[in-house]
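Student: Given the coordinates of chain Y, assemble chain U onto it according to the supplied hints.
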Amino acid sequence: MNAPLTLKDYETDQEVRWCPGCGDYAILKTLHKFMPTLGIPKEKSVFVSGIGCSSRFPYYMNTYGFHTIHGRAPSVATGIKLANPELDVWMVTGDGDGLSIGGNHMMHVLRRNVDLQILLFNNEIYGLTKGQYSPTSKIGTRSPSTPDGSVDRPLDPCSFALGAGARFVARSIDTEMKHLTVMLGRAHAHKGASFLEILQNCPVYNDGIFEDVKNKKTAADSRLVLEHGKPMLFGKEQQKGLRMNTVKLQLEVVTIGKEGVSLDDIMVHDETNKVLAQMLASLHAPDFPEPVGVIYCAGVSGYVDDVYAQRIAVREVKGAPDMNALLRSGHTWQVD
Amino acid sequence: MSVVEQDNVEAVEAGVLEGVVVRFAGDSGDGMQLTGNNFTEATAIYGNDLATFPDFPAEIRAPAGATFGVSAFQISFGSGDVTTPGDAVDVLVAMNPAALITNVKDLVEGGVIIADADAFTDKNLARAGYKLNPLEDGSLDNYRLIAIDISKRVLDTVKPFGLSHKFGLRCKNMWTLGLTMWLFDRSRDAAIDGLKKKFAKLPDIADANVAAINAGHAFGETAELPSGVEIYKVPKANVEPGLYRNTTGSEALAYGLIAGGQLADLPIVFASYPITPASSLLHTLSSQKHFDVLTFQAEDEIAAVCAAIGASFAGSLGITSSSGPGIALKAEAISLACATELPLVIVNTQRGGPSTGLPTKTEQSDLLQALYGRHADTPLPVIASATSSDCFDVAIEGVRLATKYRTPVIILSDGYLANASEPWKIPNFDDYEPFPVVAPTEAEGFSPSNRDPDTLARIWAKPGTPGLEHRIGGIERDSVTGDISYAPENHQKMTLLRKARIDGIAKDIPLQTVDQGNTTGQLAVVGWGSTYGVIHQAVKRARLESLDVSHIHIRYMWPLPQNLGELLKGFDGVLIPEMNTGQLVSILRAEYLVDAKGFNKVSGQPFKIREIEAAIKDQLESQS
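Residue numbers (numbering that gives the first Met the number 0), protein chains in the order written: chain Y, 0 to 335; chain U, 0 to 623.
Just so you know, the hints here were simulated from the structure itself, not pulled from any lab data.
Computed from a predicted model, the values in this text were never measured in an experiment.
Among the hints, a few may not be true.
[Unchecked claim] Partner residues aside, some chain U positions facing chain Y, computed with beta carbon under 8 Å:
#1 Ile44
#2 Pro266
#3 Leu335
Cβ atoms here follow ideal geometry from the backbone N, Cα and C, with glycine treated the same way.
Next comes chain Y alone, as it looks inside the complex (with noise of 0.2 Å):
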């Protein structure tokens, strides 16, 4: 048996190439800690990424490693996972790479449910091509490209992802080392496409937009930390919580002690719900606190697991390949 793997061996030589106070340190950092935790030999993972900031990712992990173009990665993670369903494929991209010019193949490959984890490094703007506004900046958002701000509204990457289809939906926050390492074991474990959104700070281009919620004088209100079988309480004191709204169909913040709400009142969180799901995936400040944590969870199997057990079938019933046979399948005829 070798000796167990440490942060030190996912670490790569590569220099670092991020802005200084970047989001996307905390997040590697991070993955460097929880890498070893899986007990897989580190040949048998993979990184592969799109184009932007995140999708630098891959240079730093000392695992295989592939920095393909902008937003096909889901389409070269599903043809790596394919060829060989052993690997432990992880995927990196952001808001602009994964929602807006790979916004088709996200979609598919959440639909498919391919193996995968996901992670989305969501900064809400566009980093490495110098700060313009991305498909989930708010509106009002200034930037080179929108200087009287954004117009277009913007999409909920949660949302979208429980839109396509996801089988595993998550959100968590760049520096919240803990909440993200747990997120993280949650991703691995589902089998199928996990997708894991990570709140992240630009320092450069878009900073402070996450402040609410990871400041920690703040976070107690702004931050619904969700657990699955829990009620959903927030507040320095646990004292605010969700209620559901039984006649407009909706989720509402109530505080327990007040109009005669008591703790049974509050929604308790079932990660297993796709309706509850949806309503969380939806709820954002300032009306509500952000929803961090596994909002959905419900496995099925997996596209590539779907495929191989097809193959196998098909090949009891066709018997072993035999490419002089297959060549002479059909009509042939004798000429003498």
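Tutor: Just chain U, lined up with the frame of chain Y:
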């Protein structure tokens, strides 16, 4: 490729024909392709050499009776060496007025028309643009017309099987097939067997179709046909002994890709997106799952090529396929495969363009796209199939080059080759030389930039191999370490290395040979791709007239064979027929400074022999 050893030179007796061209034409829902394929099979079994040309509209079921909805299947067969579907039609089967009006112009004077008189209704006549019924107004007097009430006879024939009017009429094509079988003395056995298999679960339909074939055949035997219409004898060709089958280009190409994977000892991941006329490759391969072939119908062309690249990165052979518009979408990803030096096979089944163009018609207009249609300096090997059966060997060669040189390879086929069938002497797979790929395992001294000193191929380390963990990507890589490098001298070196690797393939491919004629002389007719058969016949005819013409057919479009330039310089003139506006001609002029002349056709239809023959004569005239 013709399977004839030498032309049958026996004297042609009265009533015996050297070769015949038959065209079946009807509505796109009339089953003309099926009829043609059945007739082709019977003809192959009979022992004629043959070539076919399925020509159908893009519309799946165009409105009945519309001229744009006419679907046709042409077969040329004979006792000699047949390499084209024929210039002119001897027998035209026209299932309705639209089929007649759109095809009769290709019929030779005195040719036979078999028409379903029941379909020549006022409505159908008007829709086709006839003011008067051509079956009755004498306008077809130059032909031998057999107007038969086929629909009525078919309905009478199938009545005992309880089919509805609609399903009963669908047996029309089999009735017509039966009559045509009689006309050329073909056996109905294979077609009948095929119907019984096809409709095994619907015995009534099977029986009705079989009855229709037999009724059509019996009609020929018993009816009084116009004078001059009798059973035609087309003697067997001197076919090389062996076991045969019919194949279309797409079938042979699919089998070649599977064979290539086996010879390379690599599993295949075939990722594709549906597009006419390339989809049949995906269909054929997806029913061969018991081989080491996985097929993936991607969400778009880009996803397809990217999945193939991912598969190659993971140690399988990634293959993708499309037609010109789809290849354009894949271009960025193909450049990624060039940059990362991964094997990839890309099949382009060309069609008429630009844009949607003529999806079901043929053209050779993607040669420049294949050679140059990517950003930056991204040379890659391009090879082209000459005939349907040649697609098998070309596919194997594509896999060999991709895996040996770790490069994307483009295989050019076209709509004509993909759909046209010809007899194929089935090769023995054991005769093919394997070219197994051995994945590296040695960690000592490993760098993802290591190269084979001879081929310059980059090391292809398979994820999952301990100690060989590495990262690759589209950013320029250091020529030694493989790490990201923006160094100017490194980019210069890497660009030249990638080019040298592709240029070096010229040493690994056969020298260009001359297909017919001398290696020097007055005129070389140079072709590539599916024009092989028609150029072959045109040059053959010209040579029979003692003209000093040679035929050179290029398979390796890039890199070009090392001796090609010298070879071309041995001719006073070079004529290049192409189904585009002059692409190979530009390349050869640029590469070799030869005064090559183009002869071009872009109608969506293959060349006719006489067109090329005339071009040869014009060219020789202009040289004298």
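Student: Compare the structure with each hint and give your call.
Tutor: Evaluation of the provided hints:
1. Ile44: Since the shortest Cβ distance to chain Y is 5 Å, the answer is holds.
2. Pro266: Check passed: Cβ of U:Pro266 comes within 7 Å of chain Y, closer than 8 Å.
3. Leu335: 5 Å, holds
Checked against the numbered hints given earlier, this structure breaks none of them.
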